[in-house]
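Engineer: Protein chains in written order, with our numbering: chain A, 1 to 52; chain B, 1 to 361.
Don't read these hints as lab results, they were simulated from the structure.
Take these hints with a grain of salt, some might be off.
Unchecked claim - One side only, chain A facing chain B, incomplete, derived with CB under 7 Å: (1) Val2; (2) Val3; (3) Ala4; (4) Gly12; (5) Leu13; (6) Val17; (7) Ala27; (8) Leu40; (9) Arg43; (10) Leu44.
What the hints assert, rightly or not - Which bits of chain B does chain A cover? Going by a derived footprint, with three or more residues having C-beta under 8 Å, they are: (11) 29-41; (12) 116-123; (13) 279-293.
As the list claims (entries may be wrong) - Some residues of chain B that are not near chain A, with every Cβ distance over 12 Å (derived): (14) His58; (15) Asp60; (16) Ala89; (17) Val143; (18) Tyr144; (19) Leu249; (20) Ile313; (21) Lys328; (22) Val345; (23) Asn346.
Built from N, CA and C at the ideal position, the CB exists for glycine as well.
Listed below, chain by chain, are the residues.
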Amino acid sequence: MVVALTALVAIGLGRNVWSVRWWVEAAEQDRENIAELRALEERLRPCEIIPS
Amino acid sequence: MRIVSAKLSLAAIPVSLLTLSAILTQHHGPYYLRNNFDPEYNYLLNSLNLLTLHSPAHTDHPGTTLQILGAAVVWLQWLGGYLMGRREALREAVLSHPEEYLRGMNFVLNVLISGALYRAASAIHRVSKSITAAMLLQITVLVYLQTFIALTRVSPEPLLIAAALALMIPMAPMVLSREGVEANGGRLAAAAGVLFGFGLITKVTFAPLAAVVLLFPHRKRRFAWAAASTVLLLLLPIAPRLPAMASWLGSLVVHSGQYGQGRIGIPEANAVAANIISLWPDQLPLFLFLGLYAMGLFRRVGPKPDGERRLLIAACIAIAAEGVMVAKHPATHYLVPALVLTAFVNAALWRRRHAAQWSWR
């Protein structure tokens, strides 16, 4: 049981290193997408339709 | 010298986690972003409600503990700013600099997690004299992605992690100590009851950890009284909202759909199966630990339940109950209390298997 327990913890830890990296990259990507969207909004501001 | 060395070893992971929390929070970005503001801004504004002597309007979790903690942090932060020359009224200060106050709340939550991680491991080390078991507790917490995500949030989950770790402090002597616990049994059961009540009011997903009452075989009533008193005390700030909260929580239980939607009844079997399967890849370690505990339980079948059996039964009940909760509402962060519990179970099992002339209570 102890061998299985140790193996599970070790595998879980290794797997989690990858998961945390993936999560950090996803969070950064999300922020970049938002920044791009804001930049696009700024660029399109002159094209704003003014209601009559 | 050996005690100092043990303390330093047990402090390494909590201090690293606190440092890492600053880096991860930076990567996570500001709380006003689409994926980051819920429930953060709810908790900030309801903490402000408490400070302006209004009952919190958000009672879904119910989360009163986090609102009280948030109120204390916000007030201290505001007072610090005021004394340093930022002359703003409390409400204006919070509403014009919400991100600063959320960062303050996040930092305090991370300090609580790190502190509880250190104290829980110290409790294991004190009663078992095993540094490996104590460190296994800390390492198991790091096996789950939810631990790291919680470090970036201002939500009930970080406080649930801290509460579940704190609950291990009175549990450790009950499970691992060989002598002299009976005299303190009542005190330990009361402390565990208070911590369970605190966790339950932080978020109802803590409810499955009620199974740890099995670790206090002669003090169940003391545990229950302490838990009930704590719950009643912590519900006082939201007393006017209790009917609405009860209606909301009741609808979560009796309706077949998610978040109180759908007809009254149990969900379809295929929906439950799909929900459980959707959690499988993310929470693989938890399900594997559950399998391991169940196997250990079957191998220890005997006429009289000993300490190890009680622990394994409590762990299996808690994880299974958490599984039932998420079968209707599939989200990995709802499993946080069960995830943290596995850290204690692993540490105790390790100690059991490695101790010479060991006898479980």
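Engineer: Are the hints correct? Go through all of them and say.
Structural biologist: Right, here's what the structure says about each hint:
no.	hint	verdict
1	Val2	4 Å, holds
2	Val3	10 Å, violated
3	Ala4	6 Å, holds
4	Gly12	3 Å, holds
5	Leu13	6 Å, holds
6	Val17	9 Å, violated
7	Ala27	5 Å, holds
8	Leu40	16 Å, violated
9	Arg43	21 Å, violated
10	Leu44	20 Å, violated
11	29-41	holds (count 4)
12	116-123	violated (count 0)
13	279-293	holds (count 5)
14	His58	25 Å, holds
15	Asp60	25 Å, holds
16	Ala89	32 Å, holds
17	Val143	3 Å, violated
18	Tyr144	7 Å, violated
19	Leu249	30 Å, holds
20	Ile313	16 Å, holds
21	Lys328	25 Å, holds
22	Val345	9 Å, violated
23	Asn346	6 Å, violated
Violation of the numbered hints given earlier is confined to hints 2, 6, 8, 9, 10, 12, 17, 18, 22, 23; the remaining hints are satisfied by the structure.
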